[in-house]
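Colleague: Listed below, chain by chain, are the residues.
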Amino acid sequence: MTRRTTLRRVLVGIGVLVGLWLVVPTLVVVPISFSGEDSFAFPPRSWGVDHYATFFTESSWLTSLLVSLQLAVIVTVVATLLGTLAALALDRTSFRGRGALDGLFMAPLIVPGIVVAVALYAAFLGWGLIGTPTGFVLAHTVLALPFVVVNVGAALRNVDPVLGRAAAGLGASGWATFRQVTFPIIRPGVLAGALFAFVTSFDEVVVSLFVQSPQLQTLPVRMFTSVTNEVDPTIAAASTVVLVVSTALLALVALTRRSAP
Amino acid sequence: MTDPAGATIRVEALTKTFPGARSPAVDTVDLDVAAGEFMTLLGPSGSGKTTTLNMIAGFEDVTSGRILLDDTDIARLPAHRRNLGMVFQSYALFPHMTAAQNVAFPLRQRKVGRAEIARRVAEALELVHLGEHADRLPSQLSGGQQQRVALARAVVFSPRALLLDEPLGALDKKLRESLQLEISRLHSELGITFVFVTHDQEEALALSDRVAVFRDGHIEQVGTPSELYETPASRFVATFLGDSNVFSGTVRGGLLDTGSTLLRCDGPDGPGCLVVRPERLRIGAGHDDGTNTLSATVTDVVYQGAFRRILVRFDDGTTGLVRDAGDAAPAATGERVEVSWKASAGVVVSEGGSVVGRDSVVPA
Amino acid sequence: MTVTSPPAEADALAPPDPPSRRRRRRVGRVSLLLAVPALLVLLIFFVVPALRLLWLSVTTPAPGLGNYTSLARDEVTTTVVLRTLFMAAVVTVVCVLVAYPYAYLMTIVSGRWRGALLAVVLVPFWTSLMARTFAWVVLLQDNGVVNGLLGALGLGPVRLLGTTGGVTLAMAQVMLPFVVLPVYTAMRGIDRRLVDAALSLGARPVTAFTRIYLPLSLPGVAAGATLVMVLSLGFYVTPSLVGSPQQSMLAQFISVQVNQLVDFGAAGALAVTLLVVTLMLLGGVRLLTRTRGAGTGAGLAGGLS
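Protein chains in written order, with numbering that gives the first Met the number 0: chain A, 0 to 260; chain B, 0 to 363; chain C, 0 to 304.
Same shape as in the complex, but just chain A (with noise of 0.2 angstroms):
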């Protein structure tokens, strides 16, 4: 079977190479960004970590970082308790146009994240959302919907219904069959969609691009910004945060996920 075994080798092969190509540039910021120069010079021949200090304190970086954390807790709260109440709204209901609603709440993830961009641009123009902090909720809440109402519904979809029965039959009203039995079942489901949420508002550049003002920038403006303008390393130091809090998030979650029952 040396056929097979070679065979095997150079899948292993292929796969720590494709492995290597996923992760590695993926990290390679963070050596950048401990960097005691001026450049992205790779590796870096001296360390420091002038490039967190400057993003800590010079306002576009710091303002734009906030702006960003901000922003992604707001359309966290606004996305997940729309997009909650509309997966319980639809939960196991059937009528006419149920699946155009469907295709509508899962538009914003299929039509491409340009065409969605230069069509807020144009309405948020006429309608002075450029630039204020309602237009960058609006638009992000948009975007985290789908995440939020596909999450929940699923999780809504494995609840037994018999169980509102038997929580009415014990005595319970309407409001405390939800609070103390479906959404504890399906309280999972609404923290994925809210961690969706957040990071869909906490990553997304292209419409964030089209809807900023000098004024009003989120990070990922910021940085891509900076690729375009400047040589500055400390977008290492911000890529390096940004990777930090999103790593952080999922840690946070995959925590809870196992010490829940």
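Hints were generated in silico from the structure; no laboratory data involved. Glycine included, every Cβ here is placed at the ideal spot set by N, Cα and C. It is possible that part of the hints are untrue.
What the hints assert, rightly or not - Pairwise CB distance ranges (calculated):
1. A:R95 x B:S183: 47 to 53 angstroms
2. A:I73 x C:G114: 34 to 40 angstroms
3. C:R203 x A:R8: 17 to 23 angstroms
4. C:G282 x A:L16: 33 to 39 angstroms
Said to hold, decoys possible - Heads up, incomplete: computed chain A residues facing chain C, CB under 7 angstroms, no partners named:
5. W20
6. L87
7. L103
8. V114
9. L249
10. L251
11. L254
Said to hold, decoys possible - Quick look at which bits of chain A chain C covers, simulated, 3 or more residues with Cβ under 8 angstroms:
12. 5 to 13
13. 28 to 41
14. 66 to 73
15. 176 to 190
16. 197 to 204
Based on these hints, arrange chains B and C on the given structure of chain A.
Modeller: Below, chains B and C without anything else, positioned relative to chain A:
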């Protein structure tokens, strides 16, 4: 209210028509359940027994009719205000709560104090012998244990009636029998009214004070298990409960004309069925005028320990079943025998029950 | 005369369960109202702007299909569209060629390794697109790591940043999960005994693969390839930063129409064209595979473009 523990349940002209359905699922059903009684609703699935229970529980809107709980009409009350215990076939335990939390749920809804909750939960779990499993999640319990938690949860708030929807349907035979005893014990200990839905006739006969036999949305007969067994009101009831030999034909002057023979019976003139239970038949000719005797050939003998089932073919080609205690002379397959019974052992019933011209009896 | 026994399986003859037993809830007006806030947000801030853009494309500067006809005649536009299609095709081919053996490897390793391989492939889903794109800019620069490696092998230095090769390398990395996942799903569903059967019937291993295994895994490949094609057509960030303005793709071209030329008519017409092509391709995948997996994959993709 003679019994302070159990409530009376009276169902009056209860009707349920589902949207788009041609005929009602429950059609003007009347039923009286006495305080503390164990009433079973028995019937094939789709006969309306579960829909009736769901209307009593409040899970299904009533199309028309009244549901009286101790003379109060609860038909328009939402389910969570009816104060009735309910046990489901699928247990319906809340998967994210431990056994104790599940049992505490109805008490929490009623704003019972914490210490009181702890005491009553422990008591209820003890009642079903699950005290040591209080902190387990449903997923860590067996099916039988889950159903016992569900029972504890349904009675912990001292409801005056308990509704059970095929609670043993998901369990295997052995567990089912032990839980039957458990349910029977709970009923006598608690003294509250039980309304029990099942399609299993043995279960119904074993547990109930009275049984209501459902068919096609109405009640065919209500009575004690022995009444139903000994004096069925229709061919449907006779054949749904226990084994029967059924001879159909026309009754004229105390004789049933099957087309090939005349049989003594006691019934009104007109088309009808003579029902004779297998244990009322015996092998051997009858000796007096009050008996019927038919000749037959033994086709099979099944030894079942306490008794034998002897399958015979009568001379007109139809088949019959004799159950004897095994003390008669042993019959062998192929043997020619006489089969006889006392005329008073047979019951004449209408052919199709109260629904004329329909017959859903399952042939053996 | 008949002997009857109680129906052991009463259900066999019983009429179907009443509707109440079916897991369906009637539409309550109150409960449907809960969907209204989300629907309003989507309608006002997604559907209306999209329809407005469509409207602009047929009314600005003059009513009619002028924008569409002039785009079709414009040489720059045609070049950009052809380049976009070419790039998307190249990225798709690269992804399929790399993803196929990777997915196959996932099917033959132990559970723990499979989990690791899956986690690696999902890295692009949760790491920031901007961080990764920046990383590629650093890696691909003239004195970057990739050129260093190529130099050590005696192959470099080569210009990568701003070239088709560089863009392909960076884009294919982003897109790889969208092929690996459906291909892996398809492969997992293949009964390995079919291949063994072919071998026992005298087929050489290569024949067994090409005649049995490959055709059975093809639906997954088709689904993944179409997804990558669709996503690549509308990709903006990576081509903008890793590629060069002279080699721009459709999304960048649209952006230029809006930001520099302020020509909403032309931008609208281009956007509508892109959307129509996207929907047609996705509809094709649905028809080809009839799986929900493809749909969810498309779903996850949105946030990355």
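Colleague: Kindly indicate which numbered hints from before are broken by the structure, ordering the numbers from low to high.
Modeller: 10, 11, 14, 15
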